[in-house]
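Residues 74 to 372 (our numbering) are what the sequence shown spells out, left to right.
Hints listed in this document are in silico derivations from the structure and should not be mistaken for laboratory results.
Treat the hints with care, since some could be wrong.
Here are the in silico distance ranges between beta carbons for each label pair [claimed, not checked]:
#	residue 1	residue 2	range
1	142	284	44 to 50 Å
2	335	97	19 to 25 Å
3	292	335	37 to 43 Å
4	332	114	30 to 36 Å
5	192	356	19 to 25 Å
6	193	141	31 to 37 Å
7	203	142	26 to 32 Å
8	284	317	42 to 48 Å
9	160	235	29 to 35 Å
10	235	255	19 to 25 Å
11	182	159	20 to 26 Å
12	300	141	38 to 44 Å
13	307	226	32 to 38 Å
14	280	243	19 to 25 Å
Quantities reported herein were computed from a predicted structural model and do not represent experimental measurements.
Built from N, CA and C at the ideal position, the CB exists for glycine as well.
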Amino acid sequence: MRGPDTQSVLAAQLYPDAKVIARAQYISASRRTDLPRFFHRQFFNAWRAGEITYDGGYGRSYTVSLRPEHVLGYIFWSKDYSAFIRQAELTDLVRQSNAVFHYTINDFARLEPHCAPLQTRLSALYALADMAGPERVFWRFDPVLRYRTQSGQVEQTESSFFRLLPQVAKTGITRCYFSFMTLYRKTTRRAVEFLPFSEEERADIALRMSEAARDAGMVLCNCCNEDVPRLAPEIEQAHCVDDRILAATDRFGVHRRLKPAPTRDGCGCCESRDIGSYSPPCPHGCVYCYANPQTDAAG
């Protein structure tokens with residue numbers, strides 16, 4: 074039986090006023106940082122302890138129960154599961170709990186300077202799909218963008234989608250989530266120049282990606298692009314936290330109907346509890362990421 078350990082004792086000292094949340098819910102780990110890549114030990118220590126305390130920002134902290142009776146399932150998000158799949162506890166978690174895995178695999182070396190080599194990430198994808206089942210692993214290709222390097226060269230990222238597609242499709246994964254980059258003020262102030270697409274360009278890119286995905290046995294899903302339903306209505310609206318998929322992959326009969334809980338305009342997600350934090354910042358240091366405090370540019 075899992076019981077308290079030094080992780081929960083330390084959390085109580087760091088966050089003495091943390092609000093305690095103990096109800097049956099899906100746990101998201103995490104949209105805010107790459108928890109499986111960089112904070113897997115902290116997560117599994119908390120999982121063994123049966124609770125996790127995290128910094129919710131704005132001076133607030135929360136303690137969330139991870140006891141089996143309070144977890145409907147886990148929704149993991151990462152750009153690199155290579156360390157996560159080596160943790161012995163993952164096998165137990167997958168055996169004892171519902172779990173799905175969003176895996177962002179791009180090939181943007183200039184924009185993702187601290188990501189592991191592509192082959193390392195692909196190898197982890199194959200192992201994860203084999204362990205959890207391809208129906209519980211989702212490919213994310215995100216974001217689609219155009220930029221000008223410091224040397225003046227213009228690059229578009231969707232070209233790598235077509236190179237990666239056959240390598241991902243051979244796992245049996247059937248869903249891919251994509252999004253065009255949102256130009257936040259913080260990211261536009263970086264030295265790299267991000268260049269917007271016209272509506273016609275966005276429609277053309279989305280349709281070409283969708284057709285290629287379909288030919289590879291995969292469904293392309295539109296995440297948080299408000300104009301895509303109008304420009305390319307045949308592309309499926311993404312629900313990255315998807316009531317329908319979570320119900321279909323529930324192995325323990327614990328799923329309950331989830332309410333819509335969009336995180337921003339164009340989001341189709343249902344409710345979940347995210348246990349990540351923006352502090353400390355994600356070490357991937359992706360140039361396009363709004364959560365990256367650095368402002369260095371692609372070369």
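> Looking back at the numbered hints, which does the structure fail to meet, lowest number first?
Replying inline: 3 and 8
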